[in-house]
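Colleague: Residue numbers (this note's numbering), protein chains in the order written: chain A, 12 to 363; chain B, 12 to 363; chain C, 12 to 363; chain D, 12 to 363.
By construction, these hints were calculated from the structure, which means they are not laboratory data.
Be a bit skeptical, because a hint or two may be false.
It does not matter which identical chain is used: a pair holds within one copy or between any two.
Stated by the list, open to error - Under the rule of at most 30 Å between Cα atoms (straight-line distance), these lysine-lysine pairs were calculated in the DSS-like manner:
1. K307 / K99
2. K53 / K307
3. K344 / K99
4. K87 / K53
5. K338 / K21
Number of protein chains: 4
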Amino acid sequence: MTPTASRDDKFSFGLWTVGYNGTDPFGGPTRPPLDVVHVVEKLAEVGAYGLTFHDDDLFAFGSTDAERQTQIERLKGALDRAAELGAKTFVMWGGREGAEYDTSKDIRAALQRYREAVNLLAEYVTDKKYDIQFAIEPKPNEPRGDIMLPTVGHALAFITTLERPEMFGLNPEFGHELMTGLNFVAAIQQLLEAGKLFHIDLNGQRGMKYDQDLAFGHADLYQSFALVDLIEHGGPNGGRSYDGPRHFDYKPSRTEDETGVWESAKANITNYLLLKERSKAFRADPEVQEALAAAKVAELSEPTLNPGEGYEQLLADRTAWEDFDAKSYFGAKGYGFVRLQQLATEHLLGAR
Amino acid sequence: MTPTASRDDKFSFGLWTVGYNGTDPFGGPTRPPLDVVHVVEKLAEVGAYGLTFHDDDLFAFGSTDAERQTQIERLKGALDRAAELGAKTFVMWGGREGAEYDTSKDIRAALQRYREAVNLLAEYVTDKKYDIQFAIEPKPNEPRGDIMLPTVGHALAFITTLERPEMFGLNPEFGHELMTGLNFVAAIQQLLEAGKLFHIDLNGQRGMKYDQDLAFGHADLYQSFALVDLIEHGGPNGGRSYDGPRHFDYKPSRTEDETGVWESAKANITNYLLLKERSKAFRADPEVQEALAAAKVAELSEPTLNPGEGYEQLLADRTAWEDFDAKSYFGAKGYGFVRLQQLATEHLLGAR
Amino acid sequence: MTPTASRDDKFSFGLWTVGYNGTDPFGGPTRPPLDVVHVVEKLAEVGAYGLTFHDDDLFAFGSTDAERQTQIERLKGALDRAAELGAKTFVMWGGREGAEYDTSKDIRAALQRYREAVNLLAEYVTDKKYDIQFAIEPKPNEPRGDIMLPTVGHALAFITTLERPEMFGLNPEFGHELMTGLNFVAAIQQLLEAGKLFHIDLNGQRGMKYDQDLAFGHADLYQSFALVDLIEHGGPNGGRSYDGPRHFDYKPSRTEDETGVWESAKANITNYLLLKERSKAFRADPEVQEALAAAKVAELSEPTLNPGEGYEQLLADRTAWEDFDAKSYFGAKGYGFVRLQQLATEHLLGAR
Amino acid sequence: MTPTASRDDKFSFGLWTVGYNGTDPFGGPTRPPLDVVHVVEKLAEVGAYGLTFHDDDLFAFGSTDAERQTQIERLKGALDRAAELGAKTFVMWGGREGAEYDTSKDIRAALQRYREAVNLLAEYVTDKKYDIQFAIEPKPNEPRGDIMLPTVGHALAFITTLERPEMFGLNPEFGHELMTGLNFVAAIQQLLEAGKLFHIDLNGQRGMKYDQDLAFGHADLYQSFALVDLIEHGGPNGGRSYDGPRHFDYKPSRTEDETGVWESAKANITNYLLLKERSKAFRADPEVQEALAAAKVAELSEPTLNPGEGYEQLLADRTAWEDFDAKSYFGAKGYGFVRLQQLATEHLLGAR
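One chain only, chain A, in its complex shape (with noise of 0.2 Å):
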């Protein structure tokens, strides 16, 4: 009954996120650890098409050369029935950058040496003609106590500073820009809006408090939905406006043992695939079509002037000013935004 992934839907799943074995800052680990092999078949089964790691997920920090090629060689042969290794996207996210107490660390300069690497890479990646891209990951704290480009706007700005711009965009993950408690749907839509969304992490998160990493769809369905209705139909401007992996990154409960890992992957497919149906059927009602006309929604992508207009036709309209009613206002027909919301609520619940 409920929907079913395809190669084309582009799930993929970080190996450390069905592999994180319960440990947590008041307890050790509940679960043993998983072959790598095992994962990739398993995350095959529930739908997805890809697999992104740690630079020390796939073999630990400190590992021989030796051990590092039989864990490549035995991941290769897992993925050749599926898919061929290759990243083209490099997350960047920098959970040791920041500081605790703000005289201990000038920004000013952590910034400048921030740029100063990624410049690096990007000029090393350019000469070698890698064909990779760079996208960083805000997050605003945890465990330091501030990390800096906190979020997807200050890692947007930041990214206008670099030398070569075109090759650096952003990974912006849910839960990361509601721990802040703004919007990750309007920050996705700017995103976009600058051609930045590079990459994406799906999660759930319940409010402003520590990483939760809960399963895509077990938190916020407002913005979950939101989210699915912007990338697969491109929010109110339609169209598909993203094309790359939905990469889920979470973490099952502790309280879960292999299973309960494997129910958890797929909910977060599971929970995708019934909110881009609930949109689909949302763009597709005739009501919600004439209560988004009411509303105006489609009125504010037209420019305010014509073509080949300047200021001086808006200074000539003496209505906007001089002339301006601000009585004729009070009480006038509304916008009809709360009806439109119920419809969406109606709608995420399947109750239209």
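Based on these hints, arrange chains B, C and D on the given structure of chain A.
Modeller: Frame of chain A, contents of chains B, C and D only:
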């Protein structure tokens, strides 16, 4: 297609909710005032059975006796068609009780004065043989820096120190508790366990920020679902747990005209009823029942000791400490909490 | 120049605080373990008079009886120089009590089991005639989604439902309460008013996020000042309000070596003593006393009714309602709360 | 004893700050309006050198041309004693730009319209040869659900997409950034690094909640200290980093009469000057200089590569990867960040 309310649903609204004229800290009213008789008729249309009001909702502060009487007569006339005038629950919300600066108010003395006041009220009501109970409404802050009795817990603790604690309970508000990031449903469970849920304010709130008063169901669908599930079906305990009014305390957005006001009022009711349907189906689903059993949710209701036993029996059980085998728990059968959450999600989305 | 601690200051530390090795969710230890005897000697040097520990701080979970005995003897040897072993307050922190998903735990049943457990403990301790009391430590979340009894208020309310409430109090932690944005000082005042401040955990926390455990005084100096003012000088009420240990529950940053560990331990003590000095000067300043009087802070301690009077006297006072002149309050003499806050600021900054 | 302001300190106030009459969402005004000439005189007395105002502060929306002219003449008369009328920085705050519901506004289109509008303004100002620059003021929310360009980062990124980016900078507000829990000082450093700190709004905010607008220095003394240290002494970089007005955007509490209004205005200035003194002493303290050196704060300003070098030199350095000895870092010399924070604390408290 969406469900319809009956009197048994006990939906009520504050007069100030649909009567909100759109004024906010940065702008004046966007809608003209509504007449109270008209409000009563329209609320009955959308499915309400009751009405509540502030001390100055029905007539302005400083009205003459004649003005008050007129308004009371007009309201009575309207209500006579549906119900009778007569409040049994008086809500006390301490919006001006608190402090912006820690040195400017002695909270211990303030709690003593608050206690003196409510003890006096209870004595007066008892002497007069009025059929009245009091419900304290907690709120953490706004507009003052910090309000006294900021959460359900603080108010519940205060009540136990009164002279007539049986006359006092709480009127928790969904949005107020979410302003602190606390779990509202857990708070309601503690209130129910203490027998102190006297009234409830339902609305919506998107995270820790100013008091938003969105329509019920227009934010945090998970807590909204779990709350309706708890109220209507007793949550995991089963049974209907609260029999008072389902009272909506929300504000229609500034962007709405009068049509939008009534649509927003109806949205509260529709969402409550949809969540009630979803909760009913969730509880009836055999797969959910099997998952609840696997997660051992009901086992928690069983006392640890058998009747008549004391701690000696526990001490005699060496498996709990001396012979405890921690290793046997590592990698053992999980609880399947994520599966349960996923089943709840699919029911919430109407996908089962 | 900075003040020095004496035994009368009753400063104590958890063994796990200075013993924290720097492990966090994203990295392993940065410091080697410290021997318990060495810890006791160094803490005595910086000014501590007491030591606390978790069940597994002194010896690892799963130690043999012999290993335990050795560690206890070594600790006893170290303490014999300064004090004797013997805990009177047992703290209970429910870090694993709670839920990540609302459907997976019946909080009412959980509260009943928790009550059964602590009632049993109290019965056992009473039967054994142990000189022990229990202190519940609230925390809102982390690592579980939502912990039960999340704030001072919730725990205080729970205690009133126990069989032997007199044996139970609270161990509030500065940082835990700030994770919800609530006012810690107001919570302590409610606890003091209820006679339930059994122990206290002092540290620092910068806003609503994961549990930071910074040193006391390294975040939110206003609440730190108001707290010390309340504990040492009774706040506006006057008098020393709490006589138990001033217990620091903090974590030295990962970036520190052992020298930094002892400097961070000392920072807690120095800051407490500096704030105590500031508070003493604040209370002694004639301008502050005059501002407190102008702000009518002490008047709140006076009962509204005279001894022997009832509500009839209030009803007879027509100035409170029938003849109330609201207009006379507009533009009337203010309370000068901002002036009081500014005086506190200048004392805090050592500028008076 | 407290320091006195001079014109060189460049303190300015919004007309709406001391003019706030106490109205809040739950109550009407508590103070009568102040005449603009009186305001100018009193602000000059407490140490201000400048005045700012909203479009409707000086004369109400809908005033006649004659009414406007009268008010302008009166203000000019008052200012002629101290300065001249003439604004060089226009602040744009998008308080009504945003959305309460994700489906009701296409943020991409909204950003395009916002860009069209400000490009047009810049063109007009350029054509007219006005000596004017624009400063965007970010705010995350309130009263609308989510405001566009919610943080310093988002606004900074937006500016880089304009036709005349050199005419646009930011007017960050202390309290607005703290509403998201982000670090304001780090944001200012990113702005300074980008050359975009055009103006600044100073006030106080206690955590993530509604916009409080407390007096500067009446909340979060650590960030206030680090901010003044950065502005006046360049933070770790040294040098004065910002030369524009120190503009206070705060609200006197409802509880204050006119005397309290002027005392609260003065509190902003006193606190700024006290923190400036503390910061100067902190920078001059030899122990601080030694701790900064030990913490290697200044080293971060040195480029990683020598002039003329490229990544080949880095690749040739085998100690950074192939021969990297992770073990040598465990337990090695620490950075002493906590010591630095403690030195800052003691300077802040005036204890050194």
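Colleague: At most 30 Å between alpha carbons: which applies to K53 and K307, within, between, both or neither?
Modeller: Intra 47 Å, inter 27 Å, cutoff 30 Å: inter-copy only.
Colleague: With identical chains, the pair K344 and K99 could be close in the same copy or across copies; at 30 Å between alpha carbons, which is it: within, between, both, or neither?
Modeller: neither (51 Å within a copy, 39 Å between copies)
Colleague: Under a CA distance limit of 30 Å, which applies to K87 and K53: within one copy, between copies, both, or neither?
Modeller: within (15 Å within a copy, 54 Å between copies)
Colleague: State whether the alpha carbon distance between K307 and K99 is at most 30 Å within one copy, between copies, both, or neither.
Modeller: neither (40 Å within a copy, 36 Å between copies)
Colleague: Tell me, please, which holds for K338 and K21 at an alpha-carbon limit of 30 Å: within, between, both or neither?
Modeller: neither (53 Å within a copy, 39 Å between copies)
This entry does not satisfy hints 1, 3, 5, going by the numbered hints stated previously.
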